[in-house]
Every structure is written in structure tokens, then in C-alpha cells.
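Undergrad: Starting from the structure of chain A, add chain B where the hints point.
Number of protein chains: 2
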Amino acid sequence: MKVKALMDTKFIKVYPEDTVEVVSKIMHNRKKFSTPIIDRSDKLVGWVNSIDLLIVDDKKTLIKDVMHNLDTIIVLNKEEPAKNAVLKIVKHKVVSIPVLTDDGTLVGLVRNCDITKTLAKMYDIPVYKIFKSLNSELKGISWDELMDSAAIVTKQITGENITGKEYESRIKKSTFGQAIWSCGGLERFFTGLIKIGEIAVARKVSHKSIVRK
Amino acid sequence: MKVKALMDTKFIKVYPEDTVEVVSKIMHNRKKFSTPIIDRSDKLVGWVNSIDLLIVDDKKTLIKDVMHNLDTIIVLNKEEPAKNAVLKIVKHKVVSIPVLTDDGTLVGLVRNCDITKTLAKMYDIPVYKIFKSLNSELKGISWDELMDSAAIVTKQITGENITGKEYESRIKKSTFGQAIWSCGGLERFFTGLIKIGEIAVARKVSHKSIVRK
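Sequences listed follow chains A and B, in order.
In terms of UniProt numbering, the first sequence has 131 at position 131, counting the first letter as 1, and numbering is strictly consecutive.
In terms of UniProt numbering, the second sequence has 115 at position 115, counting the first letter as 1, and numbering is strictly consecutive.
Only chain A is shown next, with the shape it has when bound in the complex:
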């Protein structure tokens, strides 16, 4: 995923010659805590945070006299990996980052709330779906056999007595994010999942040998 897939292309247009009064009203009306400043050819020239404007006494002051200059602003190129946007937001604790083309034209903003949304969505995959792909991978093992194995592993790890059916209804309600948190980490979740697959295969094999005999 690239930055351009993550950016918001709707942003307010604010120019260096605008007054603090005008920009304050725009930011309030459009609920923007910060805004990029551009020239008439959409090139980024500066940045303004609402808290900077709070301490300006003369509201007729021009934005160019209070804005952060281009060389002090964190920016992203639209072709960069989206991961860089996450790293920069975390490192610099900013609310949004302007996205530029190679020639410095402003084409969008990456907002922290959109990053949170994207990251959260990745976690919102149902555990059920992960088990469905595990099931389709383990040839010859039925869904019920997989659930029974999951119940056995749960008993081994937590001591809890649970049936395959109960396990199934539990994972129908749970997401990957919840599962990681309740297992105590990603690796433990994986370990559990691998154990379940193994036990399902082992039971199948031992069942087959019995049948053959």
C-alpha cells in the first residue's frame, strides 16, 4: 500500500496572503486543527496549526508571517510506502501530514484518524475467516474435526472444558485483534493455531490407521 491510497484528497485551500482572521474562521468552520498553505499553483509553501493562531493578537496579520516554513514541515511523497506515514505520525506526534508529488505540488493529507482506521480495520478480520482458510488448507479435514481439535488445544492451554461447537460459536464473535489481545500476543496466537492444525492432522492419521486395521 502506498501513501496515495491512504491520503485524503479533500483539503481546504489556504494562501500565504490570507489573514489570520479569515483562516481562523475557515479552520473553525471546517473543523481543521491544522492546514497546509499553498501558492496559486498548488505548491506547498507552509503549514499552520490552530494553536499557532491562538496567540496572534492582531487578526489582520498575514498567514505568511506566522506559518511554519516549508523546510520545517514533515512531508510525504505520494509514492512512498504507507508504512512511512505511520512511522512519521508516531515519531513526530502530528495530526496530519501533507502529501506531495515529486515537484512539490500538494495532492492530499494523511490524517492520523485515517491511519487508525486502516490499522484497526486490519485487526477487525474475524477469527472465523482465519480458521476457514486453515480449514481449506488442511485437505481431508472437516470443519467439525478442526473445531474439535481447537477445543482440545484450548483445554490443554487454559484447562477449560469446551466443545467444538462452543469453540465455533466463540470464534464467530471474535476478531483477530481481540484474539491477539486475549492470547497475549501475536506469536501465541500463531502457536495455538499451528497446534490446532497439527492435532487435527494427527487425529485424522490415527483414525485412518485404526480404520485400515
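Calculated from the structure, these hints are not laboratory results.
Keep in mind that the hints are not guaranteed to be accurate.
Only pairs whose alpha carbons sit at most 25 Å apart, straight line, appear in this in silico BS3-like list of lysine-lysine [stated by the list, open to error]:
(1) A:Lys-91 - B:Lys-10
(2) A:Lys-91 - B:Lys-195
(3) B:Lys-64 - B:Lys-13
(4) A:Lys-132 - A:Lys-91
(5) A:Lys-132 - A:Lys-173
(6) A:Lys-93 - B:Lys-2
(7) A:Lys-117 - B:Lys-64
(8) B:Lys-195 - A:Lys-129
(9) A:Lys-10 - B:Lys-88
(10) B:Lys-132 - B:Lys-93
(11) A:Lys-91 - A:Lys-59
(12) B:Lys-88 - A:Lys-173
(13) B:Lys-139 - B:Lys-204
(14) B:Lys-64 - B:Lys-43
(15) B:Lys-2 - B:Lys-121
(16) A:Lys-91 - B:Lys-4
(17) A:Lys-173 - A:Lys-91
(18) A:Lys-88 - B:Lys-43
(19) A:Lys-93 - B:Lys-121
(20) B:Lys-78 - B:Lys-121
(21) B:Lys-88 - A:Lys-93
Residues from chain B that face chain A, not an exhaustive set, calculated with beta carbons under 7 Å [stated by the list, open to error]:
(22) Ser-24
(23) His-28
(24) Lys-88
(25) Ile-89
(26) Asn-112
(27) Thr-118
(28) Leu-119
(29) Ile-130
(30) Ile-141
(31) Asp-144
(32) Ile-162
(33) Thr-163
(34) Phe-189
(35) Thr-191
Ideal Cβ placement from N, Cα and C applies to all residues, glycine included.
TA: Just chain B now, with coordinates in the frame of chain A:
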């Protein structure tokens, strides 16, 4: 994980009787885009965003006359699951959310940048570590055998010719987050991982049968 594990307990103390002028300066100096308003017993009574103060003409106005009242504020209880903080930040597109005890005392703030940091960190687990736990789960299969199986699966999926050693050096540099993005989703990553485990086991079994013969 609960909200209290995620919250920032350092926040500026702002009271309803403070003037807009005073609060503007505090918010600017401490770089806060929004702030909770509390009474003298630390109970939350309101909320102020920097953009609200931008349009106040008389700087001697009291905060209580411009603040958002308690009944309109998004809040969290410190005992709630951390997941709720993520959901509320995403749904209401806010920068931070005040965290309360049962009696309404303000004890912290959950900030969007901290949530991003936590979510991003969960993705930053090295793929190497996940393979190490897969390895310890698959009894009797060596690390090199696992890497060779991974190279085989890579070839099956991507057509790329890669050795076990090359695969190993690749996963040493890669994180879970990158792996999900490059596989095209969590389920595909899991499917690949399960395939690798299966092939490792199958190769071991067939090798043993050959040795026995």
C-alpha cells in the same frame, strides 16, 4: 488490554473560570489541540478545542462560556477494553478522549497518536519471530528444513526461485505488518504459513519412509 493501559496521565489542568486568553497560551505552550476542563475536585465538566477558541473575539471570555458541556463529550471509562478507544477515535474522528473513573474524575486522556503507536507496534513483530515459534511447535523439524519448505512454498506461489538461506535472510528484515501487506492480507499470510508447516512435515515423513525402506 484496558483503556487505563493506553491513556496518558499527564494533562494540563484547565478550569471553567480561566479566561480564553490564559487557556490559549497554555494550549500553545504545551502544544495541545484540545483540553478537558475540570472542577477543583478533578471531575470532568467540559471540553475545549483550539479551533473553538480561534473565533472568540473577547479574550477575557471565561472558558465555561465557550466550552462543550459534559453531556456532549465522548468519554471512556478507565476499565473499558482498549478496543473501545480505537472504535471511538475512528467513529468520532477526535484527536483525544478523556478517561474517567466511575465517579466522573478525570484520570487521563487517550490520544490518537498513542493508539497509532500501539497498533503500529503490534505490526512491528519480526516475521522471524513468528517462524521461530512455528519451528518450536513443529517437533523434529529443524530450522533449515523449515526454511527450505518456505522456499518451496514461495516458489509454488510466486514462481520465484529462492533458497532456504535466502528466505531466512529475507524474513530477518521483514515485519509482520510488511508481510501482511506484501501477501495481500492476513488470511493469505496465514495460509502461506500453514502450507510451509505442512510441507515441512510431509518432507520429513517421506524422508523417514525412504530411510526405513
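Undergrad: Which hint numbers does the structure go against, in order from smallest to largest?
TA: 2, 4, 7, 10, 11, 17, 18, 24, 27, 30, 31, 32, 33, 34
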